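Same order as they appear, the protein sequences are chains A and B. Mapping of the first sequence onto numbering that gives the first Met the number 0: residues 0 to 355, in sequence order. Mapping of the second sequence onto numbering that gives the first Met the number 0: residues 0 to 355, in sequence order.
Any given hint could turn out to be false.
Copies of the same chain look alike in the list, so a pair counts if it fits in one copy or across any two.
[What the hints assert, rightly or not] No farther apart than 16 Å at their CA atoms in a straight line, the calculated lysine to aspartate or glutamate pairs in the EDC-like style are these:
no.	residue 1	residue 2
1	Lys122	Asp41
2	Lys181	Asp270
3	Lys245	Asp234
4	Lys317	Glu334
5	Lys308	Asp326
6	Lys132	Asp352
7	Lys308	Asp352
8	Lys237	Glu59
9	Lys349	Asp307
These aren't lab readings, by the way, just hints derived from the structure by calculation. Note that the structure is predicted; figures quoted are calculated from it, not measured.
There are 2 protein chains.
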Amino acid sequence: MLYAVIMAGGSGTRLWPLSRQNHPKQALRLVGERTMFQHAVDRLTPLFPSEQTLVVTRSEHAPILAAQVPELKPSNFIIEPEGRGTAPAIGLAAIHLQKRDPDAVMAVLTADHYITDTEEFRKALSASSLLAKEGHLVTLGIPPESPSTGFGYIQQGESLGNYGGLPTFRVERFIEKPDLEKATWMVESGGFAWNSGMFVWRVDRIMGEIQKQMPGLYAKLMELSAAIDKPEYEDVIKALWHKVEKQTIDYGVMESAEDVAVIPVNIGWTDIGSWRSLFNLLAVDQNRNSWTGPHIDLDTEDTLVINDKRLVATIGVKGMIIIDTGDALLVCPKEREQDVREIVKELKEKGKDNWL
Amino acid sequence: MLYAVIMAGGSGTRLWPLSRQNHPKQALRLVGERTMFQHAVDRLTPLFPSEQTLVVTRSEHAPILAAQVPELKPSNFIIEPEGRGTAPAIGLAAIHLQKRDPDAVMAVLTADHYITDTEEFRKALSASSLLAKEGHLVTLGIPPESPSTGFGYIQQGESLGNYGGLPTFRVERFIEKPDLEKATWMVESGGFAWNSGMFVWRVDRIMGEIQKQMPGLYAKLMELSAAIDKPEYEDVIKALWHKVEKQTIDYGVMESAEDVAVIPVNIGWTDIGSWRSLFNLLAVDQNRNSWTGPHIDLDTEDTLVINDKRLVATIGVKGMIIIDTGDALLVCPKEREQDVREIVKELKEKGKDNWL
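With the rest of the complex left out, here is chain A:
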């Protein structure tokens, strides 16, 4: 049976001040009337009944997300006491799935990406599950639109044939976030895809790789697995989870795993990692501005304004990001959007927790 596991543990510091510790990116209405988490569930609904949709998230975020999708029951949520990176989160989901269904195929999906072609997305998941059933660790690759230095890349190797109507390939190698020169070379060469962070595999296969490559994590997962459905589970996870080494699934497992495959997918995928990537998705007026709440402007161009009830007035503003929330305001040129992270870092260092 195919299960969806939505990874919803991140916080999204580059979307500050809208994204906060207690109001994470996944819970925000960034595109349209639905939150990122609701979009993530919506696009799975035709393929996965709710009992086959699991969500990995942190305890403080679970109630917020649960309230947004009432059809998901508490048993759909797998709670991490704290975020330890994608490798532990995926291992945690895998041991829970193994208990329910030792033959489970799990699709590791995200809540912080926006996908415009949801039909093609589901087709890609179906194709991936066919390949995964044969034992491959399948990654969804995004044909690169630009030499982005913000993503890892996957080099395609020999063809593994067509699955569900899509060509599939053995992975030659994973490339960590490159510099611009290397990225440009890869895009021009062809045969490289962005690593979307979406994977499909059999639980026994991924657990086998974790056992081989991350024995420390594997031992802890086994200890935890023995406690599933027992009264001591909460105490066990609390006692051991903070000792789990932080690691990504890419670095911890995928780069050295056997039988890794990639399916390049054209699904209209956007990583909403920052204000600029969101701006690219939103509808704009004739001056290329995107507005949310009440506003009035003179000579404003290429500017993203997100506000709620307060009036935002701009005069002669060009290429800016203006994020106006209840208790904080960000003003920043588009080009500096990556530095929002620095603001959050400084707030943390200064102990300004009420603005985090």
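Given chain A, work out where chain B should sit, using these hints.
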């Protein structure tokens, strides 16, 4: 006897969104801990006992201003049902003063100017009152620091001698707000001063000029004067004030009046007419930024931020004005500050009264 008449009827649209219909510029804490109106009274206190200090303002603003200066009693306030320009406001103050003291000398002063050298200011008022007692209409002229096109100018004529230690001159002519070329010529020529809008004269003299030059206004003022201290006063002013023609004292009276004098004064005068003029007065950090409330920044220069409790975060912002109030936000480069007026105009046209 010398009386101070503080003109506090304006609204200050170029200081939107801090300045509002029901929270006018005079009532704002723009420089230091005192409001503009409090500063205006403070600088008079050593020279004028409170019973000689009158305030002309609109009915909706009187309670706000009265609360800010408790030593002023209701009898100190002269209420205009609505603003009709400086000529009617001054005429209204004059008829009230005439009732109290037919020989009164009135100093027409402002609440929207900031004066750093208050001792020199009081010295100028004393000198002006000596000249005014002799029958002159005295204007305080500001030696121009730059060829500003935002002020009217006064051309000095022959000397009228020294009064109170200050040289005084007959006014050759008043020049309305000039273009840059003319302003530059005047500043380079010398012998021109900015028109500060502060005047000192005997009430009988100004009433005589109003009678001669603005007979329509004079007739209404006489009708009103007859009702002062009578129960029907409120009804009379309400019935006639909206019929009074809007006019400035400069255009309506001063440009054609007899015996007009000017005293150039060095009092550290600033017209806080707009955000930029305020910015010039405020203390700045090493990057020439002025901050009010909580803030965090990266690479921010030459920027004015006014906020209250919300955190303002700026990244890579240069030469901007950011005014963050409870219900509205303004973002505007310094160079565009005059266009704030256009925003207010558009809000008015669109009936967005809650933001006016």
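Outcome of the hint check:
1. In this assembly of identical chains, the alpha carbons of Lys122 and Asp41 lie at most 16 Å apart only when taken from the same copy (15 Å versus 76 Å across copies).
2. In the homo-oligomer, the alpha carbons of Lys181 and Asp270 never lie at most 16 Å apart, since the shortest distance is 21 Å inside one protomer and 58 Å across protomers.
3. In this homomeric assembly, Lys245 and Asp234 never come within 16 Å of each other (Cα to Cα): the closest approach is 20 Å inside a single copy and 79 Å across copies.
4. Taking the closest pair of Cα atoms, Lys317 and Glu334 come within 16 Å of each other both inside a single copy (12 Å) and across two copies (14 Å).
5. With identical chains, the CA atoms of Lys308 and Asp326 are at most 16 Å apart both within one copy (12 Å) and between copies (8 Å).
6. Within a single copy, Lys132 and Asp352 get their C-alpha atoms no closer than 46 Å, and across copies no closer than 64 Å, so neither meets the 16 Å cut-off.
7. For a Cα distance limit of 16 Å, the shortest separation of Lys308 from Asp352 across copies, 15 Å, qualifies, whereas the shortest one inside one copy, 24 Å, does not.
8. In this homomeric assembly, Lys237 and Glu59 come within 16 Å of each other (Cα to Cα) only inside a single copy, at 14 Å, whereas the closest approach across copies is 62 Å.
9. In the homo-oligomer, the alpha carbons of Lys349 and Asp307 never lie at most 16 Å apart, since the shortest distance is 27 Å inside one protomer and 20 Å across protomers.
In this structure, the hints that do not hold are numbers 2, 3, 6, 9, in rising order.
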